[in-house]
Amino acid sequence: MKYKFSLLAAACVAALAVSNASVKAEDGVLTVGATLSTTGPAAALGIPEKNALTLVPTEIGGLKVKLIVLDDAGDPTQATTNAKRLINDDKVDVILGSSTTPPTIAVSAVAFDAKVPHFGLGPMPITAGKERYTVVMPQPVPLMAAGLFDHMKKNNVKTVGMIGFSDSWGDLWLGQFKAAADKYGLKLVADERYARADTSVTGQVLKLVAAKPDAVLVAASGTGAALPQATLRERGYKGPIYQTHGAVSQDFIRIAGKAAEGVIMASGPDMLPEGQPDSALTKAPGLALVQAYEPKFGPRNQFAGHPWDAFEVLKRVIPVALKKAKPGTPEFREAIADALVTEKDIGASQGVYNFTATDRYGVDERARIMLTVKDGKFELIK
Amino acid sequence: MDLTILLFLVQDGVTNGAIYALLGFALVLVFAVTRIIFIPQGEFVAYGALTYAMLQAGHVPGTAYLLPIFALIALLFDLYAERSRITGGFLIRQGIEKIVVPLALLFAARELAGVSTIASLVLTVAIVSALGPHLYRIAFQPLADRSVLVLLIAAVGTHLALTGLGLVFFGAEGLRADALTDFSVDLGPLPVSGQNIAVYAATLLLIAGLYWFFERTVQGKALRATAVNRLGARLVGIRTKGTGKVALALAAGIGAVSGVLLAPMTTIYYDTGFVIGLKGFVAAIIGGLASYPLTAAAAITVGLIESFSSFFASDYKEVIVFTLLIPVLLVRSFTGKHTEDED
Chain B
2 MKYKFSLLAA ACVAALAVSN ASVKAEDGVL TVGATLSTTG PAAALGIPEK NALTLVPTEI
62 GGLKVKLIVL DDAGDPTQAT TNAKRLINDD KVDVILGSST TPPTIAVSAV AFDAKVPHFG
122 LGPMPITAGK ERYTVVMPQP VPLMAAGLFD HMKKNNVKTV GMIGFSDSWG DLWLGQFKAA
182 ADKYGLKLVA DERYARADTS VTGQVLKLVA AKPDAVLVAA SGTGAALPQA TLRERGYKGP
242 IYQTHGAVSQ DFIRIAGKAA EGVIMASGPD MLPEGQPDSA LTKAPGLALV QAYEPKFGPR
302 NQFAGHPWDA FEVLKRVIPV ALKKAKPGTP EFREAIADAL VTEKDIGASQ GVYNFTATDR
362 YGVDERARIM LTVKDGKFEL IK
Chain S
18 MDLTILLFLV QDGVTNGAIY ALLGFALVLV FAVTRIIFIP QGEFVAYGAL TYAMLQAGHV
78 PGTAYLLPIF ALIALLFDLY AERSRITGGF LIRQGIEKIV VPLALLFAAR ELAGVSTIAS
138 LVLTVAIVSA LGPHLYRIAF QPLADRSVLV LLIAAVGTHL ALTGLGLVFF GAEGLRADAL
198 TDFSVDLGPL PVSGQNIAVY AATLLLIAGL YWFFERTVQG KALRATAVNR LGARLVGIRT
258 KGTGKVALAL AAGIGAVSGV LLAPMTTIYY DTGFVIGLKG FVAAIIGGLA SYPLTAAAAI
318 TVGLIESFSS FFASDYKEVI VFTLLIPVLL VRSFTGKHTE DED
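Sequence lines, in order, name chains B and S.
Okay, so the first sequence: first residue is 2 according to my numbering, each after it adds one.
Okay, so the second sequence: first residue is 18 according to my numbering, each after it adds one.
Where hints are given, some of them may not hold.
[Unchecked claim] Some chain S residues near chain B, calculated using beta-carbon distances under 10 Å:
no. : residue
1   : T21
2   : I285
3   : F329
4   : S331
5   : R349
[As the list claims (entries may be wrong)] Distance ranges between label pairs, derived from CB positions:
no. : chain 1 : residue 1 : chain 2 : residue 2 : range
6   : B       : G240      : S       : V117      : 55 to 61 Å
7   : B       : K297      : S       : F124      : 37 to 43 Å
8   : S       : F329      : B       : G377      : 32 to 38 Å
9   : S       : S350      : B       : D172      : 33 to 39 Å
10  : B       : K297      : S       : D199      : 34 to 40 Å
11  : S       : R163      : B       : P296      : 48 to 54 Å
12  : B       : T359      : S       : R127      : 57 to 63 Å
It should be emphasised that the hints constitute simulated quantities derived from the structure, not laboratory data.
Quick caveat: nothing in here was measured; it's all calculated off a predicted structure.
C-beta: ideal position from N, C-alpha, C; glycine also.
Please work from the sequences and hints to get the whole structure.
This is the structure:
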């Protein structure tokens, strides 16, 4: 018995020693930690992001990249724990995550306190005075909304009916619409809500159709956006239907079928790099991502682009930071934060990044393309 | 709001209500027989819908692989429990039930995926309802004599486990199946699709079927006897252990049928089942977890209220539906007679 116990103790000590060795900062290694929502309600975002992280470079600026990926199930509390673990135990140089807004805010707070550069993969509001360490990869909603509203104005849309998720995504778009309506001469004539798990949106759609809007805006995401699209066409709505970039995916076309034809959507450029002019800085990284991703994981999507782009940015800023300090040191992390602002026109699959001390999204119109669906395929609206 | 809209809303409400009724029946059935408040019923619906959609698209669904795994675990449980009195006949019965049948279904799924709608339909119901008894054996049979609360906690655990497995097997994105038929007739301004008719027919058939089963067959009477008095039922020679498995097989079968009916009407995700299940649950509670006709009426009411509130106040739809429970529970707790549970 005693013998058995001492064996166990020895094993424990050995395990501890091993784990201790692994957390010591190694020379010539860039440690990148990520917390993603690979399970839970945001799994549709987290899984492609995790997939994309298997395709990113294994070496940057002569440094070997060591990647640690954790799951936070979309829960801000878990995301906070993960971020603390990555920073305190694994001593990461850079932290990525999380997949949706609430856990991304949580990671950002931890990263700011620990002074670790952070790449948000979900759109999040940046608090004034806390900008230094966080940059956000996805496009800000106003940028995408402007694309849709602009298209409406050009096509003489005056009245709009809205149907959106009964969550923060729906609220966010309603807010965008109200803020921009006057500028584009648009009027909201119906505002309906539904939930992703609803088995029917007949009631909402009947009300929309009865209000006779010039166009309908669907503020939903993933395949959930297909339900109103299909029901609107089923109930004989003939006007244009606008979808947000949350809806752009092959699955949307698969689920909506014929009803998807002619839809107008704002999208990140990585959904269709093939259609872009060669001069676009988003074309080469987008093509590289799509060509690496599709054979291994199936149809392209917008979420894989965000972690991929974080590495496109790292490829630019790490060599600059290396001139000042060694990985694993606070000075190196400061140098990365500096380089994020000094490096300009960083081309990536989802946009061209020009971060400044206050603009932590750093993107412009080049981070947006307008898409429609023709014969079951996405097509660029010129 | 004109007559056409009214008709559409009524149709929508009745169709959804019929699906909730099916779920409500399964909940009442399982509770009556096993005293389990069966939270994972919604998962059977999602599994049914996703299995059907995948088979129809020509893929082998994850549930076809899950079934032999569950069966194997159940087999190990049974072998351990009966280890001192294993006979040849026992082994043969167990072998057929837990090895041959699951593997045959897996083989059939691999061969028949994408062949025809009917084959997909039959296979879906067979695979998902076969999951039921094994699930009971693994998660609930060891706890069968414990209090309702313990069983409820086990049910919540099972729900979480099944949702997780659903994510693994079906992925995070939703699936939608093709309609059973393109048939459609116009009743005045209202088009009635073959899918709608199938939903109504399935619900009516199941009500009739359940009535016949519980009133006219020995198995059904055995289930009812167990529900009324477990000990008494055992004294007159009813195998109460077997009844739980039968109840769960029926519940899973009903879930699979509802899933198949629902899959062409909306997008189903691995986690959609829970919310649909909750609405069936509201109906079952209004029915006192005991009465099938009351459950059916309540389910249709839930469907109608949902459909009308999605027209008039879509932001508050879920709030309105679930708030229904409060007055019902109040009335029930003031008027109903209390039978103190053992816990």
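How the hints compare with the structure:
no., hint, verdict
1, T21, "9 Å, holds"
2, I285, "9 Å, holds"
3, F329, "8 Å, holds"
4, S331, "4 Å, holds"
5, R349, "27 Å, violated"
6, G240(B) - V117(S): 55 to 61 Å, "57 Å, holds"
7, K297(B) - F124(S): 37 to 43 Å, "29 Å, violated"
8, F329(S) - G377(B): 32 to 38 Å, "36 Å, holds"
9, S350(S) - D172(B): 33 to 39 Å, "37 Å, holds"
10, K297(B) - D199(S): 34 to 40 Å, "37 Å, holds"
11, R163(S) - P296(B): 48 to 54 Å, "52 Å, holds"
12, T359(B) - R127(S): 57 to 63 Å, "58 Å, holds"
Violated hints for the displayed structure, listed by number in ascending order: 5, 7.
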